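Chains as they are written, first to last, in the numbering used here: chain A, 1 to 326; chain B, 1 to 485.
A few of these clues could be false.
[What the hints assert, rightly or not] Restraint ranges, calculated between C-beta atoms of paired labels, are given here:
#1 Gly46(A) - Asp126(B): 51 to 61 Å
#2 Val141(A) - Glu94(B): 53 to 63 Å
#3 Asp76(B) - Gly46(A): 41 to 51 Å
#4 Asp462(B) - Asp73(A): 48 to 58 Å
#5 Asp73(A) - Trp302(B): 26 to 36 Å
#6 Val141(A) - Trp302(B): 53 to 63 Å
I should point out that these hints are in silico values taken from the structure, not numbers from a laboratory. Because the structure is a prediction, the values reported are computed rather than measured. Virtual Cβ for every residue (Gly too), placed ideally from N, Cα, C.
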Amino acid sequence: MKHKRTFKEWIKSRDGQQVLVMIAFMIVPLLLLFVFTYLPFGKMFGFSFYNMKYVGARKYVGFKNYLKVFQRDDCFGALKLSLYYMLGSVVQLVLALYLATVLSFKVKGGAIFKGFMFFPYLINGIAIGFIFKFFYTRGFVFDTVLQWCGFQLDNLPYWLRDQSINNFSLVGTSVWRYFGQNMVLFIGAIMSVDSELYEAAMLDGANRFQQFKYIIMPSIKTIITLNVILSITGSLSAFEPPYVITDGANGTGTYFVVMHEIAHTQQKVGLASAMAIILLLIIFMVTILQKLFFKYVFRNAEDEDPRAARKRERALARSMKKHERK
Amino acid sequence: MNKKKLLALLTVSAMTASLIGCSGAADGTTDAGSGTPGGNTENASDTTDTTGTTDAGDTTGGDVGELSYTSLNLDDHKDLTASIKFLHHKTDREEDGTMANMIAEFNKEFPNITVTTEAVTDYAEDALLRLSTGDWGDVMFVPEVDKTDYATYFMPLDTLDNLSKELNFVDAKEFGGLCYGIPYMANAQGLLYNKKVFEDAGITEIPTTPEEFVADLQLIKDKTDAIPLYTNYAAGWTMGAWDAYVGIVSNGDNTYMNQKLVHTAEPFTDPGDGTGAYNVYKILYDACANGLIEDDYTTTDWEGCKGMMNRGEIGTMVLGSWAFAQMQEAGDTPENVGYMPFPITVGGKQYVCAGGDYNYCINVNSSDENKLASLVFVKWMVEKSNWCYNEGGYTVVKGGQNPDMYAAFDGCEVLSDQPSLAGEETFLNDMNAESELSINAGGNDKVQRIVEAGATGSESFDDIMADWNQKWQDAQEELGIEVLY
């Protein structure tokens with residue numbers, strides 16, 4: 001009884017109310033996160049050890065599904081296609097960064113350009129698939145435009161049929177869709193750069209490229225890192241363009257499309273779950289590698305920025321102190 | 001002290017949260033357990049139907065003796081009151097009002113049975129997911145479920161013996177002597193052609209062998225502007241349609257598909273006499289290799305091809321008879337759309353494989369009243385709705401009328417696949433899944449591979465067939481299925 005009363009008192013106190021409010025606000029998102037993210041993930045992890053279909057009996061097979069993923073040609077063969085998408089994401093980021101830099105200075109009609117380039121991101125991925133299916137159809141939009149430019153139809157390749165270029169066609173759609181979004185993120189980051197720095201740099205005789213290299217790049221490196229990681233992860237799990245445009249056929253079946261096929265057509269749910277877990281591990285690995293890479297790349301750039309250097313020194317001092325305390 | 005309080009508070013809040021979770025689930029339509037896509041036996045059976053009025057004591061449903069298709073007299077139940085839900089895949093019929101008209105007709109006879117219908121676009125996948133939640137309504141079309149699981153999900157409609165006296169093609173969804181499904185229509189496997197194109201190309205006789213057929217395709221290419229064979233490669237499922245000719249059509253054996261295939265060591269080897277699965281797929285490969293298909297097969301358009309077929313821009317298309325009505329409706333010249341037997345002759349005779357399309361089934365967990373109403377509905381749909389005839393289907397009711405399109409099938413032997421042997425019911429599904437060839441079960445990508453190989457020359461046809469044989473044998477080994485043929 002006594003304990004209960006103290007609890008009551010405590011809950012009425014300022015501290016108690018603070019905790020209560022904190023929990024009340026946290027509980028809903030945490031519950032959603034748990035129910036719709038971690039619980040299904042845990043289930044899937046469990047499935048990956050079974051030989052099972054959606055309905056019917058399950059059989060425990062241990063790590064056999066994981067072994068199969070490594071033995072099958074189609075699973076890891078599909079990962080090679082991710083290289084196309086990674087290449088695409090490099091193009092996409094460079095393009096986005098270039099346009100963002102140009103547009104963050106005063107440009108005539110800049111807002112309209114920004115709008116137009118961001119627009120594709122707002123379209124649903126399935127709709128984009130259908131748009132490009134007709135865009136690439138023989139003699140349709142793309143071929144017509146190229147013919148205006150003087151190309152002969154006979155010299156043009158079949159954009160989706162020719163296996164040497166159809167993956168580039170698909171990557172093109174995803175670049176078209178996502179570079180606007182990257183660009184907007186970059187612009188946002190560039191806006192936060194102190195404009196006095198440009199003036200100072202100009203007085204020192206730095207040209208636009210030098211300004212970009214020594215002022216803009218280091219200042220927005222967080223957002224660059226984020227965009228690169230998102231793009232690379234995205235290219236490992238590319239799904240919509242190949243699924244909607246080519247149904248994963250004709251050598252365009254990416255890892256996700258193969259996984260979908262295995263899970264839903266062949267109904268090897270266990271194997272597909274194992275594929276998903278392996279992809280997750282690969283994504284982890286790639287992300288860590290990128291982190292290390294960026295640490296290395298930006299190390300030199302940082303030294304050129306006096307503010308960043310000061311900041312780093314302060315951080316270093318802090319961590320030293322921490323070490324001493326330990 | 002503070003930490004203890006915090007801990008206590010956290011525990012309390014966690015408990016409250018779990019309570020909230022419980023009541024939330026109870027308010028919903030399904031029980032919490034059925035949310036998992038596992039759909040094992042427990043999940044399906046403890047989904048109780050709260051709308052049921054009878055108490056558990058005097059349930060009689062599920063016993064075929066009490067409620068069966070053949071013993072049900074429609075006239076006895078004119079004033080039955082119930083509300084049932086019908087889940088189906090015919091989105092086109094839902095949209096064009098055919099379904100609503102049929103329900104209206106049904107309600108003229110049974111005014112108190114309310115039928116709500118829902119058409120599902122991606123039926124093969126969605127229906128399975130809904131089935132695993134247990135909450136899908138009362139009547140649906142049987143999705144790909146192992147035969148051993150039928151009784152878990154569906155009510156037995158009648159014994160096979162009784163049912164097969166009145167209806168055709170009811171053995172497909174049979175298990176242990178009981179039928180769990182009745183086809184809404186039946187298909188005869190042949191192929192679509194445009195009569196005008198054949199005429200223009202100077203083809204007077206319908207081809208009966210693969211060589212004649214490919215030669216005719218060449219004629220169409222040389223003499224007309226039409227695409228000789230439209231593959232419908234991009235749609236995917238249209239490619240899987242080629243699997244329908246493995247079995248009866250290509251070897252005249254009605255026990256092959258469900259009984260022998262799983263025990264065959266090399267189902268894709270050339271028998272050397274222009275028959276067998278080898279020669280079915282060979283037609284496609286040859287057509288692709290000789291440029292007798294559409295120019296850019298990766299961008300084919302399923303909706304668009306219907307009109308092209310009707311207008312005579314396409315010579316032939318390999319699809320089941322269900323597609324016939326759609327091709328006729330798609331343009332101004334329905335009289336030009338024709339249907340013919342698949343061009344393979346076995347021992348001097350052409351065979352036609354006929355079989356049920358999707359099968360009606362009834363939820364085993366529905367209340368007794370809903371079960372009765374559902375059975376009334378199914379019986380009425382099969383026998384009185386005329387849906388089968390209107391869709392151009394082969395008749396399900398014995399002695400029923402067949403549409404005119406089957407005229408070309410005169411002289412061919414019409415057979416339907418025999419059910420699998422007792423104890424081997426799941427073998428074909430298991431083999432299909434294990435080998436990933438998925439014959440007649442959505443194995444589209446394997447047929448797409450033939451088109452790619454034929455058109456680009458990346459693989460020879462014999463290599464593909466050898467690969468499939470290998471996959472088939474590996475699956476037999478993995479599953480421990482005996483090789484007999």
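A quick look at each hint next to the structure:
no., hint, in the structure
1, Gly46(A) - Asp126(B): 51 to 61 Å, "24 Å, violated"
2, Val141(A) - Glu94(B): 53 to 63 Å, "33 Å, violated"
3, Asp76(B) - Gly46(A): 41 to 51 Å, "50 Å, holds"
4, Asp462(B) - Asp73(A): 48 to 58 Å, "20 Å, violated"
5, Asp73(A) - Trp302(B): 26 to 36 Å, "30 Å, holds"
6, Val141(A) - Trp302(B): 53 to 63 Å, "20 Å, violated"
When each numbered hint is compared with the structure, violations occur for hints 1, 2, 4 and 6.
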